[in-house]
Structure formats: C-alpha cells, structure tokens
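Enquirer: Sequence:
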Amino acid sequence: MADDEVKLYEDGRSPYVSRVKIALNMKGIKYESLVEDLSNKSADLLNHNPVYKKVPVLVHNGNPISESLVIIEYIDDVWEGVPILPRDPYEKAVARFWAKYVADTCNPAIYEVHRSYGDEQAIAKASAKLQILENKLITTGKKFFGGDNINLVDIAAVYIAYWPEIVEEAKGIKFYTREKFPKITEWADNFLNCQVVKETLPPRAHLLEYFLNRHRIRCNGTPK
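So for the sequence shown, numbering that gives the first Met the number 0 puts the first residue at 0; every next one is plus one.
Think of the hints as simulated: they come from the structure by calculation, not from any bench.
Any given hint could be a false lead.
[Said to hold, decoys possible] Cβ pair distances, simulated, as ranges:
{"id": "1", "residue 1": "Y116", "residue 2": "G146", "range": "32 to 40 angstroms"}
{"id": "2", "residue 1": "D118", "residue 2": "R12", "range": "22 to 30 angstroms"}
{"id": "3", "residue 1": "P82", "residue 2": "A127", "range": "27 to 35 angstroms"}
[What the hints assert, rightly or not] Calculated cross-link-like contacts (lysine-lysine; reagent style BS3-like; alpha-carbon spacing at most 25 angstroms):
{"id": "4", "residue 1": "K52", "residue 2": "K99"}
{"id": "5", "residue 1": "K142", "residue 2": "K128"}
{"id": "6", "residue 1": "K53", "residue 2": "K6"}
For glycine and all other residues, C-beta sits at the position ideal for the given N, C-alpha and C.
Using the sequences plus the hints, can you model the full thing?
Expert: Right under this line is the structure:
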C-alpha cells in the first residue's frame, strides 16, 4: 500500500501515541506526523475525534481511527509484515485480554500513585496489580509478553516501561523499582532496547523537564 495516505495526529509526550508509532514502525509504514497543541486543539483533530477530542488519531486515506489499541489492531489488519497480534484465535484473545488489563488496570493504578505523590493505599493497590504482570513473566519465562518477539501486550505496556521512572524522579517518589519488580524491569530493558521502540520514544530529558515543570506549578503555583 505504498500510495496510501497515512497521517498521525499526535503529542510527542503521550505513551498512547508511542503505542501507535511502534506499530507503524513494526510494519514499516510511512506517515505524516501532525503534532497537536493540546491546549489549543486543531479543528481537524476535533473533527476526526469528536467523541474524546484527543490524540492519537490515525487517518488512513481520509478515514479516521481513534484510541491507540483500536488503531494498532487496525494497522495489523490492514498492512502486511511483522504480526502484532497472534494469528491463532485463542492466542489473539489472550493477548487482547492482557493488553486490556494493562490499559484499564495497571496504568490507572500507576497514575494514581503519581497523582497522589505516593499515597500508601495507592501504592498497595498498584503493587498488587503489577505483581500479576510480574507473575505472568515469571510463569512464561519469556523475554517479552509476546514471547520471543514483542506483540500487542508489550506495546500496550510502553507506559510502564518508560514513563514511571521519569515521573518519579521529577516528583521524588520511589515506587516503580527494580527491587520490587525485577521481571517487569528486565522486560522493560529488553523492550526499550528494540529499535522500533527506541525510535518512537520522546527524549528522556524533555519528558523529565515537562514533569519537573508540572511539579513546580503544583508546589509554587507558577512555572519556573
């Protein structure tokens, strides 16, 4: 599909955008990147995603698709190349289950730890959720959630692999550590070392400055 028109409405800091970029990279798809100012969203973005009004939005030959995990499945269905979801129906269902668990359970639990600046109850809840992922990696003994190669579950978990350490450095929180979650952090090392992943991630220094600035605003009321 060399002549296809592919556009991605994005914000470079977003882990949800990184999910889509990883999938596009895995398939070798060329696309036009349209960076949004989320404080002043474009008319095109609002038109393409009138329900949630947020990024990412993939526009393929004029047809918009919203929500990162939905976009990834669309990419896998439309373009040939490295598979992102297993082809076996049962294995595909299992991958969808774990991707949903990461997206709907683990990520919100980590967000709450960070939002609350390490509230003990939030930490206990998040630790229980992440321990389930830790146990899955222990049980399978594989390099990635997808086995020997990354798949939908690994991509869904990109936030866990990269963002928490940076947020916690900015906020002075110590929750997501190698001592607590040795298998998850080992998985994260392997995942972040994949070229298709490296190419999608916002620079660490930029993210750290962004979260430091948000922390300053919270503490002082004005950005530094």
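Enquirer: Run every hint past the structure and note whether it holds.
Expert: Evaluated hints:
At about 37 angstroms, the beta-carbon gap between Y116 and G146 stays in the expected band of 32 to 40 angstroms. Evaluation of the 22 to 30 angstroms hint for D118 and R12 yields a pass: the beta carbon distance comes to about 24 angstroms. At about 32 angstroms, the CB distance of P82 to A127 agrees with the hint of 27 to 35 angstroms. Restraint check for K52 and K99: satisfied, since their Cα atoms lie roughly 21 angstroms apart, inside the 25 angstroms limit.
Distance hint between K142 and K128 is fulfilled; the C-alpha atoms sit about 20 angstroms from each other, no more than 25 angstroms. With a C-alpha separation of about 15 angstroms, the suggested pair K53 and K6 falls inside the 25 angstroms cut-off, and the hint holds.
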